[in-house]
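> Given next are the chains, with one letter for each unit.
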Amino acid sequence: MSTWHERLGNLDRRLIYVFLIVGLLVPLIRPIGLPLVIDPMVRAAYGAIDALPDGSLVVFACNVNPGTEAENWPSAVAMGSHLIAKKCKIIVLTLYADGWMYADRFIREVATPLGYKYGQDIALLEFKAGVQNILAAFAKDPVGAFSKDYKGAALSSLPVMQSLKTIKDVKMYYDIVQLESAKAAVAMIEPTGVPVIAAATAVFAPELAPYAASGQIKGFVVGLAGSAAYESLINKPGRATAGMDAQSIGHLVIGVCVILGNIAYGASRRSGKGGAGDVH
Amino acid sequence: MLRREVPVAVAFISGAVVLIAYFLPDRAINQFSQDILLWRAIVAAFALGLGAVNLINITTRRLRVQRGGRVPNVLLLVCLIGYSLLGVFLGSQHTMYRYIYNNIYTAASSTVFSLNAFFIASAAYRSFRVKNIQAIIFFVSGFLVLIGQVGIGAAIWSGFPRVAQWIMAVPNTAVMRAIVIGAALGTISTSIRVLIGAERASFGAE
Amino acid sequence: MSTDLGVWLGAFMTISLYSVLFKENQFFEAAQSVFVGLAAAHTLVLGYQSIVQSAWQPLVAKGQLALLVPIILGLLLYTRFTKTHGWLSRVPMAFLVGSAAGVSVKAVLTADLQKQIVSSMTLKWSNPNDFVFLLFLLSTLSYFLFLRAKGAPGAVQAGVSVIGTWAMMTAFGAALGFTVMGRLSLLIGRLQFLFGSWIPLIK
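Chains as they are written, first to last, in the numbering used here: chain D, 49 to 328; chain E, 85 to 290; chain L, 199 to 401.
Only chain D is shown next, with the shape it has when bound in the complex (with noise of 0.2 Å):
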């Protein structure tokens, strides 16, 4: 006959699932109110973007992709929002496939709804690929590095492109990274003088800290919680704060596991039959 801690230690992990599912769906459904933290590299970004003077040229690198969507597009629509109200030119690029058809959405969903024009405003460079080496061009001649734009007209006939001459003539540029295209921002772009912000999933924030603690990266919006408190800042709620009880609960559900999983494990070993739930 099993021991609680053996029934324990071996439950089913469906059932594990399905706690976890109504962890996040109950708050999602019945918010409950929790505070937002608001991390000090938020406000930094937050800041950064509010001292532009009006009318900037601001390079927006936009490499969501469905795999960050729920962490890097709000991010992207709060962030994306405030330069808009700040009445940024936005020049949009991408790096990725996957990227290039949230840029085409950031400018039918966020850009043109907030009352921008295209070719105006904002402009969709093409698609090329490879990080590094299109920053290292980018950064040593932009004019050159891209020829056309995401429809295939040539950059030339566009009026937002003929504030760009070089690379000094953008005031910030603001990358939805990749771990491979923040690095690209930092050893490219960054040394032409050029502020960087960027938005990250929080999978890369802690190998992205130290180029935020050196100053290489000036401010730093990491995951739905940082989207959120981005959202707070710009007095905007949206979706990322919609889903940070969510959040809250499911780090909770997160901790109770790994507890509960030890106390089997703890009551197994003193028993002496073994650690319950061992993994061979």
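Since the hints were made in silico from the structure, they are not lab data.
Just so you know, these numbers come straight off a predicted model, no measurement behind them.
Note that beta-carbon positions come from the ideal geometry of N, C-alpha and C, so glycine has one too.
Incorrect hints may have been included.
[Unchecked claim] Restraint-style ranges between C-beta atoms, simulated for each label pair:
| no. | chain 1 | residue 1 | chain 2 | residue 2 | range |
| --- | --- | --- | --- | --- | --- |
| 1 | L | Gln255 | E | Thr274 | 31 to 41 Å |
| 2 | D | Pro161 | L | Gly284 | 34 to 44 Å |
| 3 | L | Thr201 | D | Asp217 | 41 to 51 Å |
Keeping the supplied structure of chain D fixed, place chains E and L upon it in accordance with the hints.
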């Protein structure tokens, strides 16, 4: 000899020109370096199709050899070839292309990545065992960061966010900086080995 | 419930893929095949578009013959699928790897080495946070680079190693925390779609 030496020479010339251009203000070298960087984008664009071609090869071979389970393989080929033709002939901005991307592909891709959340929960329950002092430090640090980043931590104790920020700013950044520096030294040595032809395995040479 | 076909298609894909959590089944295999096929196709389409815009059109319309070089190199990549001429694909691979190596050396030299080391040198041992930072930095570097101080007693070496290990455990624990956070966010995004757009329970 051609099979061994030509790739090494190509690697050396392309890498050396790009590297020298950073240090020399010579206009011709800089222009050539810029050309190499933009040519790389074109070659990389060709490389993007390699995965699709390889997938077609493997799937058709599987269809020839396998007896059962043909439906997923046929479905894969139909989607791959059909969506490619749609994009090539109608363009990736066509309504139909965007529709399939935004409604089917995005949903599938997001879901596949989100499956990890379930596996993490299962691993947290069944595999994360606190067996020694290092594991205790590992889990305490992880727990403090987990709790400090979200509202429930701030609601329980106002100090949790500050502790989480300290862990990120001091221990995490210090260790990651050490890893970045170590990795940088490794990258430089590997890159120089590639340029001088001592590292040929990376482009398939013996 | 939503009446948008696109939302229903997305919901069907989502639930089919999630069904593997309970049991392997044909819906999951079909959804997985669709996903893989579409992913490969999308990459191929973007690559094709890039080649046409960046190489073919300038070559044909503006007569930029130099672009024949990357076009030929790119086509040589596909010789890897042949038995006799497969070695030719090493040439474009060498070009990709060589140019990347050239870019990498300069990139890591300034961004990863110089600026990170200079940033560390501005810290002060007298500041408690900086002291901990420098201690953890140096002990971790020592651990990774197998540095041994000549003439140092074994106890000092062992102590540095222990501090380095504890520092790494703290950092990796933080990385675990962020990884959990990131993955849960993706699941929250899917639940917001299923129960916000498809079955509107979330307001």
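> Determine for every hint whether it applies to the structure shown.
So, going through the hints one by one against the coordinates:
no.	hint	in the structure
1	L:Gln255 / E:Thr274: 31 to 41 Å	holds, 36 Å
2	D:Pro161 / L:Gly284: 34 to 44 Å	violated, 52 Å
3	L:Thr201 / D:Asp217: 41 to 51 Å	holds, 48 Å
In terms of the numbered hints stated before, the structure departs from hint 2 and from no other.
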